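Q: In case you want the letters, here they are:
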Amino acid sequence: MRRVRRTGRATALLAGALAISLVAACGSSSSGPQSVTLVAYDSFPKSGTPLNDALARFTKNTGIAVNIVTAGDTGTMVQKAVLTSGNPEGDVMWGVDNTLLTAATDGKIYASDPIDVDFGDVCVNYDIKWFKDHGINPPQTLDDLVGPSYKNLLVVENPTSSSPGLAFLLATIAKYGDGTNGTATGSTTTTGTGSTTNNGTSKNGINSWQDYWKSLRANGVEVVDSWDIAYTEKFSGAAGSKGDKPLVVSYGSSPPAEVVFANPPIDTAPTGVAAQTCFRQIEYAGILRGSKHLGAARKLMDFLVSSDFQKELPLNLFVYPADKTVKLPDVFIKWAVVPDTPFFVAPDDIKKHRQQWQEQWTQIVLR
Amino acid sequence: MDADRAALTRLPRWVVPALVAVPALGLLVFYVWPVATLLRRVLHLSIVGHTLRAPGVGAVLWFTTWQAVLSTVLTLVLGFVPAYLLARYRFTGRRALLALVTVPFMLPTVVVGAAFLALLPDGWHGTATAVVAAHVFFNVAVMVRLVGTMWAVLPVDLTGAARTLGASPAQVLRHVVLPLLRPALLAAASVVFLFTFTSFGVVRLLGGTAHATIEVEIARRALSLGDVGGAAVLSVLQLLILGAVVWWSARWQRRAATHFSGGTTVRRARHATQRRWLTAGALATAVMMAAPIVLLVARSLQVGGHWSLEGWRTLGGRTTNRPGTNLGVDPMASLLASLRFALVAMVISVVVGALAASGIAVARRRGRWLDAGLMLPLGTSAVTLGLGILITFDRTPFDWRARWWIIPLGHALIAIPFVVRSTLPVLRAIHPDQRAAAIMLGASPLRAWWEVELRRLARPLAAGAGFAAAISLGEFGATTFLTRSGRETLPIAIDRLIGRAGALPRTQAFALATILLVVTAAIVVAADLPGRTDADR
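These protein sequences, in sequence, are chains A and B. Numbering of the first sequence is given in the numbering used here, commencing with residue 1 and proceeding in unit increments. Numbering of the second sequence is given in the numbering used here, commencing with residue 1 and proceeding in unit increments.
Each hint should be verified, as a subset may be incorrect.
Label pairs and their in silico Cβ distance ranges [what the hints assert, rightly or not]:
#: 1; chain 1: B; residue 1: 280; chain 2: A; residue 2: 137; range: 54 to 62 Å
#: 2; chain 1: B; residue 1: 287; chain 2: A; residue 2: 363; range: 20 to 28 Å
#: 3; chain 1: A; residue 1: 218; chain 2: B; residue 2: 347; range: 55 to 63 Å
It should be emphasised that the hints constitute simulated quantities derived from the structure, not laboratory data. Bear in mind that the values here come from a model prediction, so they are computed numbers and not experimental data. Glycine included, C-beta positions come from ideal geometry on N, C-alpha and C.
Whenever a hint applies, use it, and build me the whole structure from the sequences.
A: Dropping the structure here:
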């Protein structure tokens, strides 16, 4: 390519025409410049960010161009991949999370096992100033939230329409177990160890997630449809919000986002994270079954887990790199919370029971 | 006499097929085929009963229907005064008011919905009242555009004659104006009903968790639960209901078609009382429509609750407070991408819409199939059509899944019915005698058709073009569902910014929304230009 650029334009055109006819003559042989298509969810930036600069370095080093296409939110992306399984829209898919992983693998979308590339937590966030002004300690655990001091203070997202809403429901399922379906309790639902583990009994008489949500409802929890409305309209801690709820289900990385995007700049986060309310979300990347550029796709996969790419994840996608050796930005070290013992539910269990859980939740909380 | 006239004005046989070929083929390839492919793949008789009996489906059907009926009736009632004022009077600020009324309809619901949410009293959040109020606010534009276009060519001498004969203004309205406007009113009602029946963004944003339309339930089933089959069942049900409504409305529009020869009859208010009423009506309309828009602009000037220009200053892209942080949203590039899509969508819509409307008008009874067919995409859930395209055009050389032009094509599918709806009533209002007269004067039937009918298409087509461009600029639902490469459109950039924690992205989102608002308003004003020259003549 470099030689072509040095020679005159006419020669380049001629060479180009020749190359095209050669490629055409060889059929689909991969002798031309290689490219690979990365399918991602909507919030993955297509250009102009350090994440894209990293991908440009990959192209420079390997000669493989990366074409990014966005396919909707994560649920939409997975559903489309399942429908096109075997004849995918791209070569590598970024960002299927553990709540959807089994739907993706059952739909046989991957050519090989996907690899975890980043993680984050969905946690209750609190408005630091509100709790200081009212002389109340912010909550730390799920048990706290049903207590009288926190009556009418919490806004959550509907788990049937919102991904953080579902994650929070799963946190409560991991903690309190399933009251109607023994199979999901204990053995199959994994919780962190230590103080957060509850094995189905509780001092306030809560023996299942169903009990917990009945108590939460009695304690005045507000349910809205999406994270946007919960966080930016209802939560009092978001910058400039006119909301009056000092507690919201959001992300463990929301406090650093408040610092990074504050204007004028601030040095301390206005919000905090209740560390024992967190559900761990893990995102995966994998080569799609039916990809016609397997070699290039494998090289891209290697790059996505390399530190050169992983180090750009925190400030661009507000998630933690899967590579634990990567140094985190200061604002993350200071203001984000990574719980020691986040709640976790196995992807298989989520796939098996999700619809039933969502329907039960709707009956308990909305009817 | 009628038979003689029919023989005299008969156009050559090839005219109708030539006109409808492109619209019909386009509809078959890009709508019927993908939807049919999806249904064939996921729809089985066994899931129909199961889906329809599922808990909650009855409630969804009931809510969808009653809110759509109520929204439609209220829109017709509340849109009547603005439609009348804007169609019949020339006054200072008329074009600004016209733009103001039209713009909310064009803006993505994410944006106006957020402003609307802030404007509503707290007790209204998550209620059906909020949903209906927003629907009326959004759809007044349909009333002004579709009924106004007709009203503007309604001969003044008819109402003048009625008044001279002693009719009261109410009698004139009831016995003269309303019957003449009936086709346009029916057209507006059917469009508003379609839109509110299939409402998605407004219901998600303002309806809270207790309210879902069929469209919302389709998306929930297909995308959250992975139940594409169940979603397809509901999609077909929605289509059947809307198909019946559209068919019924098209039939009535044809029956009610009125013939009058029009030039525009826009005039100035003549005496003081008239001027007072005009001012009051215009002001009331302006206040009603402007409040959410003013709030939206104000929000672009506030960061974290303080007045600040930072949202605008940092729009350039790479400027942020911290090095290494950037959302990858380039407003100017997004604006250009959106404008390019809008231009393509507009060209497709106007060409196809004009061909279709002329073909439907000439074919008379037989035209109703194409007329109803072109309305179908409006009643089809974006999820169904999107998934259909995904699994239909998936093999080389027809692997069109992530092609850029699929997006403006999708926009055109939504916009074409508007071009047809704003054109058809005008075409049908032309009295057959006019064409007969032209032929008597020596023109060939084809020439007479061109001179008498097609030349009158300029104004409604310009309005339709403006509509199409603006719909494309603000379209969000279908776009987000298609797989996209390259630059994001403006509404998607706005959505990405709004979905972030932190003060600045949210302010930037409202700054981008303001840009979208200004561009849309400019297009709406420009599309009305032919009307102005007519009035000034």
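Q: State for each hint whether it applies.
A: Comparing the hints with the structure gives:
1. In this structure, residue 280 of chain B and residue 137 of chain A meet the distance hint of 54 to 62 Å, their C-beta atoms being roughly 57 Å apart.
2. Between residue 287 of chain B and residue 363 of chain A the C-beta distance comes to about 43 Å, which lies outside the given range of 20 to 28 Å.
3. In this structure the hint that residue 218 of chain A and residue 347 of chain B lie 55 to 63 Å apart at CB holds, the actual value being about 59 Å.
Going through the hint list in order, the structure does not satisfy hint 2, though it satisfies all others.
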